[in-house]
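J.: All chains should be modelled from the sequences, with the hints used to inform the complete structure.
Protein chains: 2
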Amino acid sequence: MINPEAYALGSCRSEIRELYECGLRMKAELGAENVFDYSIGNPTTDPPEEFTSAALRILRDTPPAELHGYTSAPGCAELRAALSDYINRRYGEETVPGNFYVTVGASAALTVAIGAVCTTGEEVVVIAPFFPEYRVFIENAGGRVVVAPTREPEFQPDIEALAAAISPRCAAVIINSPNNPSGAVYTEESLRALTSLLRRKSYEYGKTIYLISDEPYRELVYDGATVPYVPSLYDDTIVCYSYSKSLSLPGERIGYVMVSPRTRGCDAICDAVAGAARRAGYVCAPSFMQKVLTETLGIYSDISVYDENRRVLLEALTSYGYTVTPPHGAFYLFVKSPEPDAHAFSERAKKHGLLLVPSDSFGVPGYVRLAYCKRTEEVLRSLPKFRELMESYK
Amino acid sequence: MINPEAYALGSCRSEIRELYECGLRMKAELGAENVFDYSIGNPTTDPPEEFTSAALRILRDTPPAELHGYTSAPGCAELRAALSDYINRRYGEETVPGNFYVTVGASAALTVAIGAVCTTGEEVVVIAPFFPEYRVFIENAGGRVVVAPTREPEFQPDIEALAAAISPRCAAVIINSPNNPSGAVYTEESLRALTSLLRRKSYEYGKTIYLISDEPYRELVYDGATVPYVPSLYDDTIVCYSYSKSLSLPGERIGYVMVSPRTRGCDAICDAVAGAARRAGYVCAPSFMQKVLTETLGIYSDISVYDENRRVLLEALTSYGYTVTPPHGAFYLFVKSPEPDAHAFSERAKKHGLLLVPSDSFGVPGYVRLAYCKRTEEVLRSLPKFRELMESYK
Chain A
1 MINPEAYALG SCRSEIRELY ECGLRMKAEL GAENVFDYSI GNPTTDPPEE
51 FTSAALRILR DTPPAELHGY TSAPGCAELR AALSDYINRR YGEETVPGNF
101 YVTVGASAAL TVAIGAVCTT GEEVVVIAPF FPEYRVFIEN AGGRVVVAPT
151 REPEFQPDIE ALAAAISPRC AAVIINSPNN PSGAVYTEES LRALTSLLRR
201 KSYEYGKTIY LISDEPYREL VYDGATVPYV PSLYDDTIVC YSYSKSLSLP
251 GERIGYVMVS PRTRGCDAIC DAVAGAARRA GYVCAPSFMQ KVLTETLGIY
301 SDISVYDENR RVLLEALTSY GYTVTPPHGA FYLFVKSPEP DAHAFSERAK
351 KHGLLLVPSD SFGVPGYVRL AYCKRTEEVL RSLPKFRELM ESYK
Chain B
1 MINPEAYALG SCRSEIRELY ECGLRMKAEL GAENVFDYSI GNPTTDPPEE
51 FTSAALRILR DTPPAELHGY TSAPGCAELR AALSDYINRR YGEETVPGNF
101 YVTVGASAAL TVAIGAVCTT GEEVVVIAPF FPEYRVFIEN AGGRVVVAPT
151 REPEFQPDIE ALAAAISPRC AAVIINSPNN PSGAVYTEES LRALTSLLRR
201 KSYEYGKTIY LISDEPYREL VYDGATVPYV PSLYDDTIVC YSYSKSLSLP
251 GERIGYVMVS PRTRGCDAIC DAVAGAARRA GYVCAPSFMQ KVLTETLGIY
301 SDISVYDENR RVLLEALTSY GYTVTPPHGA FYLFVKSPEP DAHAFSERAK
351 KHGLLLVPSD SFGVPGYVRL AYCKRTEEVL RSLPKFRELM ESYK
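Protein chains in written order, with the working numbering: chain A, 1 to 394; chain B, 1 to 394.
Certain hints may be false.
Since the list can't tell identical chains apart, any single copy or any two copies may satisfy a pair.
[Said to hold, decoys possible] Below, a list of computed lysine to any residue pairs in the SDA-like style, where the Cα atoms sit at most 20 Å apart:
hint, residue 1, residue 2
1, 336, 132
2, 27, 77
3, 207, 1
Hints in this document: simulated from the structure, not taken from any laboratory.
T.: Printed below as a string of structure tokens:
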């Protein structure tokens, strides 16, 4: 009488959400100043001033019925044209507006991209560690998740392991660089090896294996790291993007799917993206945000606070005896658990007021993820807790 | 290599969207003033001033990172509390905030409500004429659409036909009153007969048959018509609501699912709603709109212009010889085609610059739908075209 899969998904929250809720209870009990919630990736950096002033101006000056009306399903013409122009200028690319489908955030983008190229019974390969909701989106499309491990501690793709994971039933491989949760930025060398492999496997199996590049952290890199432009390395690429992190707008749900203009059957895939969106009840991305974005493309939030937090945590945690690979992107630190069981470590951390997500649901055991998109003052106050926590193991 | 169902859905647009695009081409060719587009239900009435001033105030006064941050998946606590309070006051109801799941518009609400209670192989009964996308949402949930006819020309539910349509595989019945496309408002008498039947069938089959009440036009009624409160008539009711029409915000995608507090297994259904949303990649409804809505609940757009258009069209079209049942709600007029084939009539209407949607995809042959959510001046200018069109049949 109730859909069992929907009930299972809804009654058992993601581990990250569980920990976040636990943090709210702990704050109520112990006082907010004694709990350090590193669980959720909710940006604390404001959107840039240009964004808010454009939003105010558009809200004041546009006839409301026009401002809030339906846009066409793939997005308003002005935004798609601006996106195409922006990507073409930034990457020397040759997209047209038809390559873009504006979505209700990155999760919607992934849902419709996977829904467009995956058919019931096919496989989608994810590279661990990976965002746990990939599993939900792939299974929703009728696909089966195949996990390929990475090389620790850099978390760059392991090409041999990937080759073993790609079977003739493989519809697509998802990559996410800068990576949630490891903070790794895949190097051009890694991506060249990965895309060579995809070409070889596509040829071997006589089919197109799509590369879905999930890039919500594209603008969040440090230490001068660069994020290679994936569609220039592989023709059959579908990019999923979101402004949640780069403009600090996670609640507004706006992003896009870009089907590379060189993808075989590009127009048909764009149609399938539209169909997958229609099937899931997406009508259009929020119209007001589409209009604001049209006027602010290429402007991003100031991420210097994340960089500062990253340096502070990296230095302090290493000095306390933690093992951490320096992350070059996103706003996560992936810290080796001092004991093999990351759940036990996460439980012990709670006793010190620290909320750290165990890595198991990301497909890698033995680590915890810290989302350091916080105020630096709070990060600094949490350092003694990390020291105590490590000392408790000695 | 491409998902065939997604491709089929994306490459073949809905008939309404096709006609809308055809209208854009005609306007470019013939001049916008010579084309009267009655195809799409995009409101022309502004949202109320209170809405826009609240939006400006909230945008100016709220710390941006907070304003645009993630809300919890079912909606921010303040909005859900306000919704519960509003419905309790308006209908003498006893909901709690947990009965509400805020959604990215009505299509998302329907997707997750159907996804929560329908399991692969089950049936969902729709009452013709019905919104064509119901078919897409039901099939996405693995369900099968069963169409029950209504009694013409009033388009009230036909209880005998409905009884025949409800098999032991029936998971839910969807009603939509005020109705798109007929404008019918189901009377309390009709609803009492319908809900008695559902109770009888649930008992007979030993299962709960859910009533999904799709109510985006709830506030749009004329001639003093009232819309009965469906959950007071049937315990196992799930209401899907949207602010697209009542606040003229169709592009902003905000609405909700309300699971009646008297539904058997209410908490489990709320969980399944959350799971169906998670599965489809919905993370939360747009956060800024959630905050504005929290402060403007119970304020609606002024619909006097729709009422005026309705009167004007009804009187004129009847005087030209068209057969129209006076609609008491929504902003659609359902007009009998002067020839049996409504497609042929719609094609002939195009030659007179009139864009009218043939009724076949709504599950009823022989009518056209007019969306009269337009400026009255434009409606008045279109009247001679309707007269010419009818005269062409004489």
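J.: For residue 336 and residue 132, with the copy left unspecified, which applies at a CA distance of at most 20 Å: within, between, both, or neither?
T.: Within one copy only: 19 Å inside, 53 Å across.
J.: Between residue 27 and residue 77, at a C-alpha cutoff of 20 Å, which is it: within one copy, between copies, both, or neither?
T.: between (46 Å within a copy, 17 Å between copies)
J.: Check residue 207 against residue 1 for me: Cα-Cα at most 20 Å, and say if that holds within a copy, between copies, both or neither.
T.: So residue 207 and residue 1 pass the 20 Å test across copies only (7 Å; inside, 40 Å).
Checked against the numbered hints given earlier, this structure breaks none of them.
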